[in-house]
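Enquirer: Listed below are the residues making up each chain.
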Amino acid sequence: MSTVTPVDPAPREAAPRLTNVPAATRPGWTPPDDPRLAFVLSMADDELMIGHRHAHWTGVAPTLEADLAFSSLAQDEIGHAAIWYGVAEELTGQDEDTLAFGRAPAAYRHATLLEAEPGDWAFTLVRQHAYDLFDHLRLDALTDSEDASIVGVLGPILREERLHRAHARAWLSRAVEGSAVGRDRVLAAADQVLGQAGGLFETLPWEEELVKDGTLPLMMGDLREPWIAALREDYDSFGIPEAVDGLDLAGGLGGRQGTHTSVFLPLWQEMTALFRDHPGATW
Amino acid sequence: MSRFPVLQRRREDSDWETVGYVHAPDREMALGFALHSFFRHGEGVNCAIDDGGEIVTVTDPRDVVAHTDKSYRVSAGYPLGPKRRKAEQRIAELGVRVEGVRPGDDV
Chain A
1 MSTVTPVDPA PREAAPRLTN VPAATRPGWT PPDDPRLAFV LSMADDELMI
51 GHRHAHWTGV APTLEADLAF SSLAQDEIGH AAIWYGVAEE LTGQDEDTLA
101 FGRAPAAYRH ATLLEAEPGD WAFTLVRQHA YDLFDHLRLD ALTDSEDASI
151 VGVLGPILRE ERLHRAHARA WLSRAVEGSA VGRDRVLAAA DQVLGQAGGL
201 FETLPWEEEL VKDGTLPLMM GDLREPWIAA LREDYDSFGI PEAVDGLDLA
251 GGLGGRQGTH TSVFLPLWQE MTALFRDHPG ATW
Chain L
1001 MSRFPVLQRR REDSDWETVG YVHAPDREMA LGFALHSFFR HGEGVNCAID
1051 DGGEIVTVTD PRDVVAHTDK SYRVSAGYPL GPKRRKAEQR IAELGVRVEG
1101 VRPGDDV
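In order, the protein sequences belong to chains A and L. If you count the first sequence from 1, position 160 lands on 160 in my numbering, and the numbers rise without skipping. Take the position in the second sequence, starting the count at 1, then add 1000; the result is the number in my numbering.
Only chain L is shown next, with the shape it has when bound in the complex (with noise of 0.2 Å):
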């Protein structure tokens, strides 16, 4: 097994950067991990690998990005802001206070 550095390209006008490296025991299985761990959520437009000083791309740049919905392996797929207003709302209707100390108040 070797270790393959990971590049992305976070846009198209951007230049290759370094995300990671993966372990692989060739580099078609280094591209394809790569692709699996670090261009899952649509992190870049592009994936690459370095192999000895070769930049070896994806052949299919359609492979990086995900197709299907999956915003719940983000945060921003747990909207807080809605929840936290429905709480507060909720309080309201009941005409209850909340009191005592909370996390980070008492620094």
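So here's chain A without its partners, still in its complex pose (with noise of 0.2 Å):
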């Protein structure tokens, strides 16, 4: 029988640090009291988390072809949180970097739904189609605002969220079309999301006031009806109506308001991780 003698493993050098950058101390960044820059970084947050959490599939999901049209979905997602962020920019004076890691967990303020952990291939589809189409109907609302500057912005990212529906269409038809494995899967998955879709509709801070201003033409929870049916239209084609029954819209409350989930505060550390560890850098 051959033994193995423990070797005390060689002294590992200290891994490299960057010097030309002060070690973290900057403050996080706290966004004034501002109803329109609320909402922007409530639709960039939102982006960020989408994006973030569809990128985790990279080099892991079940096909490549899946595997590269997750990782354009999730570069689109971060691309258009950047616009978002632009557009907060004019309004705050901090730079993008600042906006979408700089703050404190508490002032995020996205649904939650969003920041879940991507699950099984089911559990992301699922996701991933129902918050497109709430985005969908929430820019397609938002061409009738009067302020120039979100409306200025929409074209580019209402041509790739249509690209982003057909993706997650396609997919569900298909894996539920095929054994009953995808089908129970599917249902399981939209059982969990669903149940935490409310938070998208969430009333967001002064929600009133950006629809008196026109900044708003409606308010948020005013989407619900049309998101219930766009998705129970689509539920339908799908072959699984009954995931539709029933819909309770009253959880995944919170994010809106800055309250996350026990799995934000993981993320939001690995999110920010190097804009807090060097304030400054450039890369």
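To be clear, the hints were calculated from the coordinates, so they are not data collected in a lab. Ideal Cβ positions, reconstructed from N, Cα and C, are used throughout, including at glycine. Be aware that one or more of the hints could be misleading.
Claimed, not checked - Pulled a few chain A residues facing chain L out of the computed Cβ check, cut under 7 Å: (1) G59; (2) A61; (3) E65; (4) L68; (5) S72; (6) Q75; (7) G79; (8) P156; (9) R159; (10) E160; (11) L163; (12) H167; (13) R174.
Claimed, not checked - Here are some chain A residues pointing at chain L (derived, C-beta under 10 Å): (14) A69; (15) F70; (16) H80; (17) A82; (18) I83; (19) D140; (20) G178; (21) S179; (22) V181; (23) D248; (24) P266.
Fit chain to chain and form the complex, with the hints in mind.
Expert: Below, the structure written as structure tokens:
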């Protein structure tokens, strides 16, 4: 019988550190109380979170084609986040990185559904489909906004969101048409995701004020009915209308007010680590 | 899953050329995968897949091009010239000289 003699590992050299920037000392930037800013940040944060979660599939998606597609979707969403942070930059003077990574967790305004861990492939597809339906309705409504800086950036985002919805619909319909396993997993995922989707429509801070001044053409809650109708139409076409039966949108609240689930803190720590460790660094 | 050749027209007056393949269960998903895999950086003006000899193009050519800035995905998004010039300027300001073998110099 062979024996294994433990060997002390060679001392590891300390990892090289950037020396051109100070260690993290800067406190988090706190957004001022501003209705338009709160709304724009809610959209930017939604896109950043879903983009980050989509990116988890890079390298591990079920097929190479799915891997590339989800990587592209992730980049689209993060690109859209950058656009909205750009609009917020006009309102605050803070750069995009500070807006995206320089805030305390409680200052993020995304729906909690979007911070949830990717789960399995079915969870990811159902969430992508549910969110992109909502996002399309929100963007479409915003074309009637009286805020020129918001309307001015909608075009490219809307065009890419068309592709996103087509991707989610195509995948979901194939997943359900295949084996019973696929159908069961999509139904289970729909139960999880749709139960948390209420947070997408959660009332924003100062929302009535935004509607009065024309920034918002309608209350975000007014998107619930068209979203449910679109969801029902798609799930009918997938052959699983029961996924939408008894839909309850009371869950998943808190995100728009800065209250997040337990998975957000580790996500925030991961996303903001470089920014917090090396404030002012450029690359 | 079937293998579908992906076709591209680089410019309006170009002929179709094969740029790669995707595996997909049907032509609709093949076309979607082709867009996501080959046409997100403005590579061409139109995209198609070959489904058993039938050329199936995208219904809306606007889908072929990227709309938001994703220049970081291509080498042009990393302009090295300005970085090099900035480094050279800093070296000159410091009054130092870089000596020693650089990659390629010892070949």
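Enquirer: So, for every hint listed, does it hold in this structure?
Expert: Results for each hint:
no.	hint	result
1	G59	15 Å, violated
2	A61	11 Å, violated
3	E65	4 Å, holds
4	L68	5 Å, holds
5	S72	5 Å, holds
6	Q75	5 Å, holds
7	G79	4 Å, holds
8	P156	4 Å, holds
9	R159	5 Å, holds
10	E160	5 Å, holds
11	L163	6 Å, holds
12	H167	6 Å, holds
13	R174	6 Å, holds
14	A69	4 Å, holds
15	F70	8 Å, holds
16	H80	6 Å, holds
17	A82	7 Å, holds
18	I83	6 Å, holds
19	D140	16 Å, violated
20	G178	9 Å, holds
21	S179	13 Å, violated
22	V181	16 Å, violated
23	D248	32 Å, violated
24	P266	26 Å, violated
When each numbered hint is compared with the structure, violations occur for hints 1, 2, 19, 21, 22, 23 and 24.
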